[in-house]
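> Sequence:
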Amino acid sequence: MKFSFNWLSELVEGIDVPPKELGRLITMKTAECEGVQTFGDFLTEVCAARILSVEPMGGHNVKAVVDTGRYGVKTVVCGAPNCRPGMVSAYVPAGVRLGDREIAVAVIGGVASEGMLASGAELGINRDAEGILELDLEPGAAIPGCSPDSIIEIDNKSITHRPDLWGHHGLGREVAAILGGMLKDPVRLERIPKAPPPIKVEIESFDLCPRYSALAFENVTVRPSPLWLQYRLMAIGLNPINNIVDVTNYVMAELAQPMHAFDWDLLRGGAIRVRCARPGERIVALNEEEYQLDPRDLLITDERGPIAIAGIIGGLDTAIHNGTRRLVLESANFQASSIRKSSSRLKLRTDASMRFEKAQDPHNTLRGLARAIELLEEVSPGIRLV
1 MKFSFNWLSE LVEGIDVPPK ELGRLITMKT AECEGVQTFG DFLTEVCAAR
51 ILSVEPMGGH NVKAVVDTGR YGVKTVVCGA PNCRPGMVSA YVPAGVRLGD
101 REIAVAVIGG VASEGMLASG AELGINRDAE GILELDLEPG AAIPGCSPDS
151 IIEIDNKSIT HRPDLWGHHG LGREVAAILG GMLKDPVRLE RIPKAPPPIK
201 VEIESFDLCP RYSALAFENV TVRPSPLWLQ YRLMAIGLNP INNIVDVTNY
251 VMAELAQPMH AFDWDLLRGG AIRVRCARPG ERIVALNEEE YQLDPRDLLI
301 TDERGPIAIA GIIGGLDTAI HNGTRRLVLE SANFQASSIR KSSSRLKLRT
351 DASMRFEKAQ DPHNTLRGLA RAIELLEEVS PGIRLV
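If you count the sequence shown from 1, position 157 lands on 157 in this note's numbering, and the numbers rise without skipping.
These aren't lab readings, by the way, just hints derived from the structure by calculation.
Careful: at least some of the hints might be erroneous.
As the list claims (entries may be wrong) - In the BS3-like style, the derived pairs of lysine-lysine whose C-alpha atoms are separated by at most 27 Å in a straight line are:
| hint | residue 1 | residue 2 |
| --- | --- | --- |
| 1 | 2 | 184 |
| 2 | 2 | 200 |
| 3 | 2 | 20 |
| 4 | 358 | 341 |
| 5 | 29 | 2 |
Unchecked claim - Computed spacing ranges between beta-carbons, pair by pair:
| hint | residue 1 | residue 2 | range |
| --- | --- | --- | --- |
| 6 | 145 | 221 | 17 to 25 Å |
| 7 | 82 | 14 | 40 to 48 Å |
| 8 | 292 | 86 | 20 to 28 Å |
Quick caveat: nothing in here was measured; it's all calculated off a predicted structure.
Just so you know, even glycine gets a beta-carbon here, dropped at the ideal spot from N, CA and C.
Construct the complete structure from the given sequences, taking the supplied hints into account.
Structure, rendered in structure tokens:
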């Protein structure tokens, strides 16, 4: 498990030791720390730059003159298809090391390139390598929320008995106890509406699903997440997908509560049912693989059939997509051994299943929803609870 030092520092007041010392203290008091690695340490040197002019050089490359603000006006050779005059992108000056390579002044096609304009993938902010990063910043500005971090890696085997430690808030509680600091709670339970949602939930076996909480939203806009959110997920090894899915993963990483979002308009009938699979049932999951289900597998279903393998992975047919305008957000609790057995039989381990098979607290479902409400309102302006 990877934990962000910056994230922990937001949750715990009074962290007054450097990351490596904190890792050592965690090993001594709580769980084995396998190492502490820096992440994005070069980002202090990266800044926004406005492209003043673009001159074709032949092939895919162009000569771009950029105003970096911080470093003055520079000339760079760029091969990105979206490089254009007036655009603001991320400038990396010569002398900065990106991973294993150092950015140097290089002569390309007779033009001295003084640094580079970078993609989100090159900066470790996201996985987008198809074009340079597009920013809404003034030249010279740092990229908000994308500062150097230290990643503390905890051995999974040493926290199998502690389901709360599979999220930053749980580890933050330990850190606060070790250092005598104050733990902040990012959750505001008063955000949970008192009226029931417009979609009915039916649970056939409370032994396998002690609690299933859900909320419905409308006026949804699906788009890339803010860079700070993409960067935070990347730092701990999670891939950004879109603003809705990223919020579910953020809550999981913070509170150890896995969540799932369904496109409401793709659900059939007015109810979500939690039941065991019927003989012969199959599902095409989000990973685009088809799974033959077993009566021992717990499912989330609509009137048509399976829409998710409970606690493991969602179905492709009801996935969030760019055209999603309404969604149902699931925050549930499932019996640990049931999830572990299905995950093993299907040879499908996910970030969600790894947490559920540790026996998560059923009370965490509402905490997850409350946190998600605030984050969704931030990343999808105009979204409304139904």
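> Look at the Cβ atoms of residue 145 and residue 221 and judge whether their distance stays inside 17 to 25 Å.
Since the Cβ atoms of residue 145 and residue 221 sit about 20 Å apart, the hinted range of 17 to 25 Å holds.
> Between residue 82 and residue 14, does the C-beta distance stay in 40 to 48 Å?
Check passed, 44 Å falls within 40 to 48 Å.
> Should the hint that residue 292 and residue 86 are 20 to 28 Å apart at their CB atoms be regarded as holding?
At roughly 54 Å between Cβ atoms, residue 86 and residue 292 fall outside 20 to 28 Å, so the hint is violated.
> Do the alpha carbons of residue 358 and residue 341 lie within 27 Å of each other, as the hint requires?
holds (12 Å)
> Are the Cα positions of residue 2 and residue 184 separated by 27 Å at most?
With Cα atoms ~20 Å apart, residue 2 and residue 184 stay inside 27 Å; holds.
> When you check the alpha-carbon spacing of residue 2 and residue 200, does it fall within 27 Å?
violated (36 Å)
> Checking one constraint from the list: CA of residue 29 to CA of residue 2, max 27 Å. Satisfied?
Holds - the C-alpha atoms of residue 2 and residue 29 are around 18 Å apart, at most 27 Å.
> Is it true that the CA of residue 2 sits at most 27 Å from the CA of residue 20?
Answer holds: residue 2 to residue 20 is near 14 Å, not above 27 Å.
Consistency note: the structure conflicts with the earlier hints numbered 2 and 8.
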